[in-house]
Structures are given as C-alpha cells and as structure tokens.
Amino acid sequence: MNTRVLEGQVVLVTGAAAGVGRGVAVAMARAGAVVGIGVRRPEAADDVADEVRDAGGTPVLLRCDVTDAVQSAGAIDQLVAQHGRLDALVHNAVSNRSSEPTDFENASLELWEEHASVTVRATWRLAVQAHPHLRVTQGAYLLMTSPAGIEGSAPLPFYSAVKAAQRGFVRALAREWGPDGIRVNSVAPLAISPALENLKATDPERVARIEGLVPLGRLGDPTTDIGPPSVFLCSQEARYVTGQTLVVSGGRFTSL
Amino acid sequence: MTALIIGDTGIAHSITQAIAAGTHTPNQAVTALTDTDVLDDPALAARALATLIGDDPVELVVLAHLDPTGFVSAAITDITEDAWDQACERSLRQAFVALQQVHSLVADGTPVVVVLPNVGAVGVAGLVPLCSAVEGIRVMAKAVARRWGARSITVNTIEVDLATFMLGGADDPDAAALLPQVPVLGAPALPAAPILDDVMGLIGFFASPAGRAVTGAFLMADRGTVMLP
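Those protein sequence lines, which keep their order, are chains A and B.
Each residue of the first sequence is one higher than the one before, starting from 1 at the first, in this note's numbering.
Each residue of the second sequence is one higher than the one before, starting from 1 at the first, in this note's numbering.
Hints are supplied without guarantee of correctness; some may be wrong.
[Said to hold, decoys possible] Rough simulated footprint, nothing fancy, chain A against chain B, three-plus residues with beta-carbon under 8 angstroms:
hint	stretch
1	72-82
2	116-124
3	129-140
Just so you know, the hints here were simulated from the structure itself, not pulled from any lab data.
As the structure is a computational prediction, the values presented were derived from the model and not from experiment.
All C-beta atoms, glycine included, are put in the ideal place defined by N, C-alpha and C.
Only chain A is shown next, with the shape it has when bound in the complex (with noise of 0.2 angstroms):
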C-alpha cells in the first residue's frame, strides 16, 4: 500500500489536540494530507502542529469547538480558503466529561446536553457544513464512534447513547450521500487517552488487567494503531467501502 495516499489531499480532524485525534492527525500527516487540527484553544497546541510537520504533513492550527456553529464553519472556512479543497472531515472531537462515569438515574439533562451537543448536534452539523466540499472532492466524512456505541457500557451509558446514535447517522448518510460520491464511515477504537495513560501511572495493574483482555496484549496506539485504519477510510483505497464501522480494538471485540 502507499503510504502516501494522502498526499495532495487536504483533512480536517477535530478534538484534534489529543489522544485519539491527535494521534489521527500525525497519521494523516504521515500519509502526505494538509492537516487541519481543529482545537479549541489553537494557541495551546503548537506541539500538535509540530508533530504533524515532523511527519511530514502540512500543519493548519484552527480554533474550532464543535459546539459552536461559527467557530466549527470557521475553521472549514479557512482550511479551505488557505488550501484550496477539503476531502476529508474526521471528527473526533467528544465531551470532556466522556469518560467520566455517569449516574444515570440520577444524571440531569444538563449532563445529557454535554454528549449530545458534541456527539450527536456536532456530528450533524459538521457534515451540513462541510457537504458543498466534500461534494467537490468526492470526499469522505469518518466519524469516530466506540465499542460502547456498539455494546453499551454500564458506566457510560451517555456516552454509549451519543456513540450509538453516531452509527446510526453513519449508515443513513452514507446512502444519503452516495450519489455525491462522499463517503460515510466509522472507526470504534480501542486506544490509549490521556486518562488511561493517568490511569496507568497511578493503578498499573488496572491497565494490565484491561489489556490482558485485548488477544493482542495492548491497548492501541492512536497514531500507529488508531491511524492507519483512519487513514484508509479517509483515501481512495477505501472508494468503494462507505456506510461501515471498524472496530480497530486489537481483537478486544470480536462479536460488534
């Protein structure tokens, strides 16, 4: 496969200063793309644009909270406006509270709100506002949904709600959109974040024991692990596959 299956090509990925989506958008980078890093503080993510320009992609910091209209169409508007194309949006970006536990019977709409304007509003708005782009390019929307959007998880069962309803959207907008020629997809990772990193400093054994569940052995790599699979999803590699979730979990789900 060519590595360079990004190259020319410009990617937009949101919640883009950490984890997951950075570790998307370095891999983006690695595969030739212009990378948007759609951050809501841009001023505090020069690392991430240094990352990215180290492997080889072209950084664009934009400030872009995805739950505010303006900013998210600003940070399309100027991607475009500088690079001249969009051909891929990756949106990543989740609730600061997603791994946070969730007393459901207790749980306000308040804290509903929080998932559902990042997850599910967001998931919406970011495709209207990038659809006359993607159309242009031929391009591909990829969403990144979770095992628990599949499953369900106990403790998180916001965050499984707002995940699920992601796969849902995916599948419809992929038959809405197919005669555009854009692209719908999703990827349910299995990674290390910032808080299982946390998590591994002060209970080792916690982590051991949740990667002794993975056939693999580990937890993902957002970068080497979570990337490259985005990476396919977001090129003309994948030009015939839309509509789908891939579990990227090293064989921690196998039943999804």
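With chain A fixed as given, assemble chain B onto it according to the hints.
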C-alpha cells in the same frame, strides 16, 4: 399489577388496547402515558407517571415513542438546527427521561421493553435524524440493561416496520401513504400478517419466566424484512 405503556405512537396505542382487551395478556391492567411532552422535563414526567400509576405496582413497562417529525423524509442539508433537534435529539432526551423515571417506579424483576422502528440497523437516506435516534436509544437500552441487571430488571428491544410503529397495525391507507417509503429495507420474507400479534408475543415472552434470563437483546419483529449479519 399494571402494565405501563409510554408513547404516543400507533404501536403504543395498539399495545395498550391489546393488553386492555386481554387478548394476549389476560387479567392485566394497563395504563398509558400518551402526553409525551412531559418527557421534556424530568420533574413533569415524574409527576405525570406518579399520578398515572398511583399505588399500583408496575409489572411491565413498554416504551414506544419517538418524535413524529423524525418520520418526515428530508436531506440533512435541508433541515434547520431546530428541526434536527426535534427529529433526532428530542427523541433521545425523552428516552433518557422515560427510562430514568421508569427505574425509580418499578420493582426489582420488572421487564422493560423498548419498541423502535427497524431503520437504524440499516440506515435510510432522508431519515438520518430518525436512524440516529433509533440507534442511540437501542444502545441506551443495552447500557441500562447492564446497569439494572443486578435488580433483575430486564431491558430488551423489539424493532418493527415503520408503518407498524406509526400506525400500530391500523388499516389506514391514507395515513400509510404519508409515511416515508423505504425500499432499501426490501420486502418481508414472511407473508403479510398483523405484526402486532408478533410484538405482543415477544412482549409476553420477555415478561414471562422463560424470558427472565434475556436482557439487552434486540429482536426484529418485521416478518424477516431486515436480517442482520
């Protein structure tokens, strides 16, 4: 002992009527929450359900509700943010509020059945908000099934075709003509027959001793229209 039906959809009304008639579940009382606007506010929902239920123990809950605007076919690029919210996110919020209230109402061991249309697992162009809501609610039900298992509360999902969900099996060609066409789902494998009977059979199973070990399950009652891998 009472069955509680939540929803203002055709299938919710038909399930209520079937239980009241005793044709599928003899000797069971039934009460229905049809003013689903109260599900926009947890406090209102709690009051409405408390008034409906009174002191009667609830032995079965069926949640069969989605905002009807989700059933209007439209491209996502043609809808406003308010329309998106109503067609998709309102249904998700209301399902959360309904399930949250159910948890505080029911005794240990109560079966909860969620009924949805069979579009989410396949995806339908023009119905992106609906498909998103359906999948979100289906997995929300799985997550609470895991949470409530310790109380022996089962939570299972049945999916039916769009017409059955909206019309409840009523023979109403005019209303059926207004529903979105979904040729992508294909034709049912089994001959045409009232799907309400199938739904009531599955509800009866989930509520029976034979179904007490089944939770987090998802069954299609669409006569073989959607067959998942």
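Structure-based check of all given hints:
1. Taking a C-beta to C-beta cut-off of 8 angstroms, the stretch 72-82 of chain B contributes 4 residues in contact with chain A, enough for the three needed, and the coverage statement holds.
2. Residues of the stretch 116-124 of chain B lying with their CB closer than 8 angstroms to a CB of chain A number 6, which satisfies the three-residue condition for coverage.
3. Three residues within the 8 angstroms Cβ limit are the bar, and the stretch 129-140 of chain B against chain A gives 12, so the coverage statement holds.
Consistency with the previously given hints is maintained throughout, with no hint failing.
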